[in-house]
Amino acid sequence: MNAQAPTDLRTLSYAEAIREAMAIAMEADPTVILMGEDIGVYGGAFQVTLDLIDRFGPDRVMDTPISELGGAGVAVGAALTGLKPIFEFQFSDFAMLAMEQIVNQAAKLRYMLGGEASVPVVFRLPAGSGTGAAAQHSQSIEAWFGHVPGLKVLQPATPEDAKGMLLAALADPDPVMIFEHKLLYKMKGHVPAGSYLTPIGKALLRRAGTDVTIVAGSIMLHRALEAAEKLAAEGISAEVIDLRSIRPIDHETILASVRKTGRLMVVYEGVKAFGVGAEISAMVAESDAFDYLDAPILRLGGADAPVPYNPDLERASVPQVDTIEAAARRLVRREV
Amino acid sequence: MNAQAPTDLRTLSYAEAIREAMAIAMEADPTVILMGEDIGVYGGAFQVTLDLIDRFGPDRVMDTPISELGGAGVAVGAALTGLKPIFEFQFSDFAMLAMEQIVNQAAKLRYMLGGEASVPVVFRLPAGSGTGAAAQHSQSIEAWFGHVPGLKVLQPATPEDAKGMLLAALADPDPVMIFEHKLLYKMKGHVPAGSYLTPIGKALLRRAGTDVTIVAGSIMLHRALEAAEKLAAEGISAEVIDLRSIRPIDHETILASVRKTGRLMVVYEGVKAFGVGAEISAMVAESDAFDYLDAPILRLGGADAPVPYNPDLERASVPQVDTIEAAARRLVRREV
Amino acid sequence: MTLPDNRPFAIRHFAPAALREALKKMYLIRRFEEGAEDSYMRGLIHGTMHLSIGQEASAMATCMELTDNDKITSTHRGHGHCIAKGAEVGRMFAEFFGKETGYCHGRGGSMHIADVKTGNLGANGIVGGGLPIAVGAALSAKRLGKSDVTVCFFGDGANNEGAFHEALNMAAVWKLPVIFVCENNGYGMSTSTARSTAVTHIADRAAAYAMPGVTVDGNDFSAVAFAMHTAIARARAGEGPSLVENLTYRWRGHSKSDRNRYRSKDEIEDWMTRDPIARFRAELIAHGILDEAGAEAVAAEAIADVQAGIEFARSSTAPSISEVTRYVYAEV
Amino acid sequence: MTLPDNRPFAIRHFAPAALREALKKMYLIRRFEEGAEDSYMRGLIHGTMHLSIGQEASAMATCMELTDNDKITSTHRGHGHCIAKGAEVGRMFAEFFGKETGYCHGRGGSMHIADVKTGNLGANGIVGGGLPIAVGAALSAKRLGKSDVTVCFFGDGANNEGAFHEALNMAAVWKLPVIFVCENNGYGMSTSTARSTAVTHIADRAAAYAMPGVTVDGNDFSAVAFAMHTAIARARAGEGPSLVENLTYRWRGHSKSDRNRYRSKDEIEDWMTRDPIARFRAELIAHGILDEAGAEAVAAEAIADVQAGIEFARSSTAPSISEVTRYVYAEV
Ligand SMILES: Cc1ncc(C[n+]2csc(CCOP(=O)(O)OP(=O)(O)O)c2C)c(N)n1
Ligand SMILES: Cc1ncc(C[n+]2csc(CCOP(=O)(O)OP(=O)(O)O)c2C)c(N)n1
Ligand SMILES: [Mg+2]
Ligand SMILES: [Mg+2]
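Residue numbers (the numbering used here), protein chains in the order written: chain L, 4 to 339; chain B, 4 to 339; chain R, 8 to 339; chain Z, 8 to 339.
Misleading hints may appear alongside valid ones.
Unchecked claim - If you want the ones that stay clear, here's a sample from chain B, every Cβ over 10 Å from chain Z, calculated:
id, residue
1, 34
2, 153
3, 177
4, 190
5, 319
6, 332
Unchecked claim - In silico lysine to any residue, SDA-like type, Cα no more than 20 Å apart, as pairs:
id, chain 1, residue 1, chain 2, residue 2
7, R, 263, R, 46
8, Z, 153, B, 62
9, Z, 263, L, 133
10, B, 205, B, 254
11, L, 189, L, 133
12, R, 124, L, 120
13, Z, 149, B, 34
14, Z, 31, Z, 304
15, R, 263, B, 44
16, B, 205, Z, 337
17, R, 182, Z, 304
18, L, 205, R, 338
19, Z, 182, R, 199
No wet-lab data here; the hints were simulated from the structure.
The C-beta atom is built at its ideal place from N, Cα and C for all residues, glycine as well.
Chain L with its partners taken away, still in its complex shape (with noise of 0.2 Å):
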């Protein structure tokens, strides 16, 4: 982290971006706090946190017992009284143990209540598989939080997103989860300095092409850029979307692209099934760009499978980018 640097030429990792937005926050309003299982003098178990807790004291930098129940909760009750939580799952499989108070107290607070109470939480939660750490630690279950109405969710793919995501995570007044790849947090590029907001619930065009719309989110979207790149070579010119927001997913600028392409495939990490490419599949399906299909619409997922441990089996159980260039070719070139 430089803040000296002029601003083209800074590039942080994801975990110095994700920092420096907590480190900006921090400073601006006294009423944002850390939380979560080790990431005070550890720095997290990932080092996102790293040496915040130098900064600014371990009132502010709260290591939490192993209770992701009451840890979330906590955060949910100083949320609804006048402190901006950010609470860090130190695995995302780990919310698991903690969907009631994100999912019956969080999300539905606001309403339950109408509208007299706001719950400005946000959660980040390391998800993902590639590390050999097997089913219990590599899951991706961002779906599920799509599929609940309260909740914003996000996922940041390159590291000026994951600092300005949760910048607007912070900004916002309901509860944000931002999920955030384990093998990304290393990943280097171009931050812009000072505070800014990614705006929530918006995609961004990655890369312009013809022949089809791949719609892929976090680190699928490295390798969806990557196969883009090796079936140009090929002539197959490849759209790339990333997706940025599951909850709320930006309609329109995907179906703006099939409607030029004509054709759709989804990648994402999670089971295929009930996963991230299931609602991006049947919210096009069901919209007037249907009309505009020229093929039946693609998902590419995690296999039907727990994260298995042994690093062959891991990587043949979620998309990579041989994969994803052979189903783009096969959906092109209509063999589906």
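Given the structure of chain L, go ahead and fit chains B, R and Z with the ligands onto it with the hints provided.
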């Protein structure tokens, strides 16, 4: 319940049918036990277990403390080691407290242990709205579990299926979740005597038609059938499929129908986005049936809101006969 | 040398007007619950309800020293807490009747009534749901440098939820100004504490969190008020949380669907002889705070308020069904 | 009149062959962990690992009296429990290396190693995940009329999970044959018990479940074995659960990513002087169970077993990627 009555005359309520299934299983297999909150002398919040404690005693009809995570975990541990527990969540909403045991443990144990373990547990979950119990007691969260490999997820719509599915679930070596709709408990219908298994993973054509396929499960089946009846009067022939199983989904039955009618509508009570309809729509949109589609695929799901308390709002928040009818009409006349 | 004041704590400690007001609110609670029951019979209310008749001293005495800045979290059996903390019965009935004028604009109903202005963060449909939320509210007070306390109501049944354990532990480790008030009415739905809970008294569990725990007669206004006085002083002094267990009883079934097969008529009748309102009223009269006529006037006021409340609720308009998704997110 | 036998419990109670075997397994655990570390450096293992070096007496002494019919549930730091309960290090390494011959056929890895045949229901990646599962296993034993007990290993960090509370309460209410064994190594990852837990000793929480709770020196084989002997007897006699807390220490970091900023070098070195293996070995020699040469032979056997195990694992085949969805459901 009248075991003496001739088979063709036997009519039981949905709750009685479930109770009969439990009694048959408990008579036949001493390892079957029931666990849940207030399932003993109280008879269960919806009076499903009713008098089973009198017949089988408190060791086999166990009232648990109000400890959903622990209770479900005890059922998982018992299932791992020789018992076959049927665990009742008092409301399916409370399963949110036990997601960790259901999803991280029960669903994954066989896989994580490389096939060396089996978790034959059955979770019963009273679900759905219509009782005026508001946002934390009225949810339809079954779609979440469709996203979880390792689980089987059922949704009986009739007393006959409610009994047959519970017996099939008990015969299954893997964890099965059965979502029972609270408003169906008092519904009466024909129920065969004795033991029989309703196959897991098979949808059922409940009404043949030619203009549009309506897929609906649980209480929505009945609303869809009623709507189909009305549509028939105006010359629209709707085919109605009872989904029955959310995991696995019976692709073949649905696709065969869509190939025939060229139009698909999915009706479900859960929140529309990321719900059961998303998966079914996407599954059809990526299949060869895509080419048979004459119109967009329509989803009619729950409102994008927690379930409200006010009864008129509550009704308005989930599909009703009239909204199903109207939607089917629009779809067939292609006014989507 | 003055003689020691041997009068009950509440009589010594609170001004007569406050005591009169407390009696009034206890009557209000009782009449509110009866009004709710009656409205249910008349079909004015759909859904379920959990009545707190018999537990009025616990609700009222617990809230005696709380200001509007102090917070409470409540439960499914929350009407009493809500009234004790200062809510208007008219808006409560309106919520119950699903009206736009209700505390939750008809979206929440009985299990979600809240009144953020008087510090009531809301009832909760999830047993134990309020426990960590209360700890969060206490954390806010501490971090924002306020002297507010949070009172967390919960039932004996809730004490077996993992949330109880996690919440009490964090409150203790962080020395937060929160008081956990267990209304032990002997049963979680049909399951007695003996069949659900490994210890006899919920307060026996306070030691596992190194916090003071005390069990009091929850139908004795003064006993509850004194336990709360001590716990609130401790919390405001920054010394951390406490657990107060009020032994009490619900006269009615758990909810409307209760067949009452798990407790005896004798047990219920025995508890009804220990009516917390009658006891408090007698105490006020015995110590000259009120006379019979004064007490009757208080009781009559409560009846009038409840009648007016029901009238207000009945005549209020219902939300428009076009607004079914309103309030899901902040309006922008 | 015979003189009282003042030798340590383990020496008095167990046959020399069993004690020798225990020492062997403690060495096996140590060498297994070192072998895992080494294999990680060589890139034979991907993913994370949680080593139990320094905690061998706790694992081994806890399992001394268990048969293959008795069950254990283990944790993320589970290699020691697994070996103590009877698993083969070859199949453990094979799992670690992701091979088809591994205990989980390469699907589970370090955090899920189980050996159902020796009664090990598995490590667990979820802190506290095994607590209710152990209670369920004990329920099975009771309902099926068996005298088997279940031992539930968990860490000090896990004691703040709601699952701990719910599990212990149910075990107590239902008087189940389960022993909760807390391996208190002072930290849950980086968070000391002082910063995470309201009481000093986890066993202080046993009272909240009306069960016996005892804190012992977890590096003293005999102390652990005696506490377990008492608890197992109680469980087999149908008297219900117990909580045993073994005070111990992990010499290594929490996992491979640990920068070790939360504990001092002094603290670590101090604990290393209390090596549970050296202590047990010295005790066996002092009481004539083994001589130096015999102890050396035991240590050498462990090295040989670990080497052979690594060899077995290396030469085993990996699962086929075509089988990525195998074992999700029972094969029919
Ligand atoms: C998590 C959860 N589990 C179960 C229920 C159903 N339920 C509602 S109230 C209740 C009993 C609660 O008992 P207690 O805490 O003692 O409160 P009381 O009803 O006695 O006031 C139960 C089981 C629920 N609402 N939430
Ligand atoms: C539910 C859950 N929360 C957090 C983690 C991450 N985690 C793994 S081990 C651990 C520390 C556990 O501490 P303790 O129980 O004392 O066991 P120890 O590591 O000291 O053996 C943490 C926080 C997890 N695996 N599961
Ligand atoms: Mg109670
Ligand atoms: Mg530890």
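Here is what the structure says about each hint:
1. The non-interface label for residue 34 of chain B is inconsistent with chain Z: the shortest C-beta to C-beta separation is roughly 7 Å, within 10 Å.
2. The Cβ of residue 153 of chain B does not lie farther than 10 Å from every Cβ of chain Z; its closest approach is about 6 Å, which violates its non-interface assignment.
3. For residue 177 of chain B, the non-interface assignment is contradicted: its Cβ lies about 5 Å from the closest Cβ of chain Z, within the 10 Å cut-off.
4. The beta carbon of residue 190 of chain B is kept farther than 10 Å from every beta carbon of chain Z, the shortest such distance being approximately 31 Å.
5. Consistency note on residue 319 of chain B: stated as away from chain Z, and its beta-carbon is indeed over 10 Å from all of that chain's, at 37 Å minimum.
6. Distance check for residue 332 of chain B against chain Z: the nearest CB is about 41 Å away, which clears 10 Å, and the non-interface claim stands.
7. Note on residue 263 of chain R and residue 46 of chain R: the hinted pairing holds, with a Cα-Cα distance of about 13 Å set against a maximum of 20 Å.
8. About 15 Å separates the Cα atoms of residue 153 of chain Z and residue 62 of chain B, which keeps this hinted pair within 20 Å; it holds.
9. A C-alpha spacing of about 16 Å is found between residue 263 of chain Z and residue 133 of chain L, which places the hinted pair at or below 20 Å, so the restraint holds.
10. At most 20 Å may separate the alpha-carbon atoms for a hinted pair to count; residue 205 of chain B and residue 254 of chain B meet this at roughly 9 Å.
11. For the hint pairing residue 189 of chain L with residue 133 of chain L, the CA-to-CA distance comes to about 14 Å; that is within 20 Å, so the pair holds.
12. For the suggested pair residue 124 of chain R and residue 120 of chain L, the alpha carbons sit about 10 Å apart, so the restraint of at most 20 Å is met.
13. Restraint check for residue 149 of chain Z and residue 34 of chain B: satisfied, since their Cα atoms lie roughly 12 Å apart, inside the 20 Å limit.
14. For the given pair, residue 31 of chain Z sits about 9 Å from residue 304 of chain Z by alpha-carbon distance, which is consistent with the 20 Å threshold.
15. With a CA separation close to 16 Å, the supplied pair residue 263 of chain R and residue 44 of chain B stays within the 20 Å bound.
16. Restraint check: the Cα-Cα separation between residue 205 of chain B and residue 337 of chain Z comes to about 18 Å, which is no more than 20 Å; the hinted pair holds.
17. Between residue 182 of chain R and residue 304 of chain Z the CA atoms are separated by roughly 54 Å; this puts the pair beyond 20 Å, and the hint is violated.
18. The hinted pair formed by residue 205 of chain L and residue 338 of chain R meets the criterion: a straight-line CA distance of about 18 Å does not exceed 20 Å.
19. Using a Cα cut-off of 20 Å, the hinted pair residue 182 of chain Z and residue 199 of chain R holds, with the two alpha carbons roughly 17 Å apart.
Hint compliance for this structure: hints 1, 2, 3 and 17 are not met, and every other hint is.
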